[in-house]
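S.K.: Letter by letter, the chains look like this.
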Amino acid sequence: MTRYFIRRFLQGIPLLFIISIILFVMMMNMGDPIATMGGRSMVRPEDRARLTRQLGLDKPIYVQYIYWLIGNDWTKSDLDGDGIAETTGTRRGILRGDFGTSLVNRGVPVLQVIGERLPNTLILMLASEVVVVLGALLVGIYSALHQYSAFDHFITAALFVGYSMPIFFIALLSMYIFAVLFKRWGLPYLPTVGMFDPQVGKTTGQVLLHMILPVTSMSIVSFASYSRYIRSTMLEVMGQDYIRTAKSKGLPRPEIIFVHALKNASLPIVTVVGLDLPFLLGGAVVTERIFAWPGTGRLFLDHVSRGDLPVVMGILMLIAVAVVVFQILTDVVYAWLDPRIRYES
Amino acid sequence: MTIEATHIPVLTQDELETPPLSLGELTWRRFRRHKLAIFGAVVLVLLFFYSFGGALFVSEKYANFNDTAQHLLGPNLMHLFGTDTIGRDILARTIYGGQISLLIGLFAVIVETGLGIVVGALAGYYGGIVDNILMRITEAMLNIPEIFLLIVMAKFFGGKIPDISMLGRTYSGSVILIVLIIGGTSWMYLARIVRAEFLSLKENEFVLAARATGTSNFRIIFLHILPNSIAPIVVSATLGVANAILSEAYISFLGLGVQPPTATWGNMLDGANNYLDSAPWLWFFPALLILLTVLSINFLGDGLRDALDPRSRTV
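Protein sequences appear in the order of chains A and B. Position 307 of the first sequence, counting from 1, maps to 307 under the numbering used here, and the rest follow consecutively. Position 236 of the second sequence, counting from 1, maps to 236 under the numbering used here, and the rest follow consecutively.
No lab work stands behind these hints, which were simulated from the structure alone. In this text the structure is predicted, and so the values were computed from the model without any measurement. We treat Cβ as the ideally placed atom computed from N, Cα and C, and that holds for glycine. Hints are supplied without guarantee of correctness; some may be wrong.
Claimed, not checked - If you anchor each label on the Cβ, the simulated ranges turn out as follows:
| # | chain 1 | residue 1 | chain 2 | residue 2 | range |
| --- | --- | --- | --- | --- | --- |
| 1 | A | L57 | B | N274 | 30 to 38 angstroms |
| 2 | A | L69 | B | P75 | 51 to 59 angstroms |
| 3 | A | H153 | B | R29 | 38 to 46 angstroms |
| 4 | A | R184 | B | I176 | 37 to 45 angstroms |
| 5 | B | L223 | A | R106 | 58 to 66 angstroms |
| 6 | A | L329 | B | F49 | 16 to 24 angstroms |
| 7 | B | N217 | A | R244 | 43 to 51 angstroms |
| 8 | B | N217 | A | S248 | 54 to 62 angstroms |
As the list claims (entries may be wrong) - Output of the computed footprint for chain A on chain B, the stretches with three or more beta carbons under 8 angstroms from beta carbons of chain A:
| # | segment |
| --- | --- |
| 9 | 104–111 |
| 10 | 247–255 |
Based on the sequences and whatever the hints tell you, model everything.
M.R.: Take a look at the structure:
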């Protein structure tokens, strides 16, 4: 089995190369990063040419890719424009852990830029993932056990609505009801934008308060697919022979449901959660934009619009690596939880 | 599942002589029982009627006509859905925006299905190195969340296509661009489904027979194997329309989609959150229409899945 996972791991490496090449090529038209650098002052043509050379943007795309990948400290490049390559580069390349420096925040390492935002995204995304999984387990199991009951029919239809709900609709609607209308009616209302009230400061209570609306909106949307999934795996497991055996032995119903059935039904759920977790790193672009949440999704959006290739590539590659790693981890956990599964070939 | 003897249906002479139902009749029979799917189909027809029939009553000029003196008016008798930030009638814009949104959904799915079928069929049919390369690319694209891919692609191709005139109307060139981008970022799941179908179907005798009679690979792929895997493709394409409409809405909401003055339900929402408390009608009506459309398509797709492909489970 170890061999299987080592092979999976090795297969992940070319995959990451393909991803990085596809993305790098698509980044080539992101707009002119230098145009946004000067701020209000016009950049002089000679400065522009110098900046272009300094940032290595004058090089052909494959050279830029190689520099991004393995750095340029092994070669010399021409910075003063006299045609002679004389300056040794300082970048070490992503393979040696150097993600480069942000073009927008001049000189700040990409990992630091992302690292500042990542915790914000993670508390938001993990909170909603927990809400979703717990809620979906409750609803999914309940409606599977009461299949075709009024509750089951109602919840099936309601889940369809949630599943089809564009995130901005539920977000704007909940903001309107719980912030605008509640305020208008003189009720206690929820904050809509940002992570904390600047006048109060970044306290735990403030952050929790500001998390309520975004977490609710995101949960409602992804809640549906999870519950539907749990309902259907639970239904499948409840029809198995070992459940009938447990019933005929006269075991108490809660024990059958939570020990015998749930244990087996949770296997596919582990897979779904495991495969979704890496995507949480990227944050929710639309949600973070609406709620002005300072997470990676908004970072991505801001830096895409200003052509900041190192940061954008950094975010996407972090997600890609996480996806590959989590796919393998999910397989490991799955094999560990379910002794019937053997990865041999 | 045990079947008791009394439940075995006894065929009467009459039933034995009735010709067997065709696939279409069988599908319709199963589909008809799915009440939510019928509901979805009816709502969809109404929505199409709303955006294409509505065009008979209001002109596109009116939808793009702005009267800044009348900006941000709430719903009233003159403007049933109110007016937007520069005084355009929102009702008229939802009608014309609906046309674009629905068409983007349909055409993006055509692109998506075309790409998915070609990639999946080639990978599944030829196997080996072709399969390896195509599936690695598919996997690579699946590893990036769709919204990120959409944004990067919209940036990559953005601002290149000039406006186009067709049937006496001018469209922003970004409409075509968005269709291609949405199609180009969503074909991966379909390619996997098609590949799996091809992997099992190509082992069948009818493929061997076709090959023995000297049928070309092209004909085997598209005339022999593909028609046999049509059920999951139809289901996935139907649900794909909903997904494409949502994608258009997200990308336009972020301001990277179809550019004004051409209205879509998505770009009508761009910037609407700045008027959250003062003008809720800005976002309420277009977002509600998107929800209705996506919901009906999902109902329809679910019904189609049950009818066409009873073995597959809904997830």
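S.K.: Quick one: which hint numbers does this structure break? Sort them smallest to largest.
M.R.: The structure breaks hints 3, 6, 9; every other hint is satisfied.
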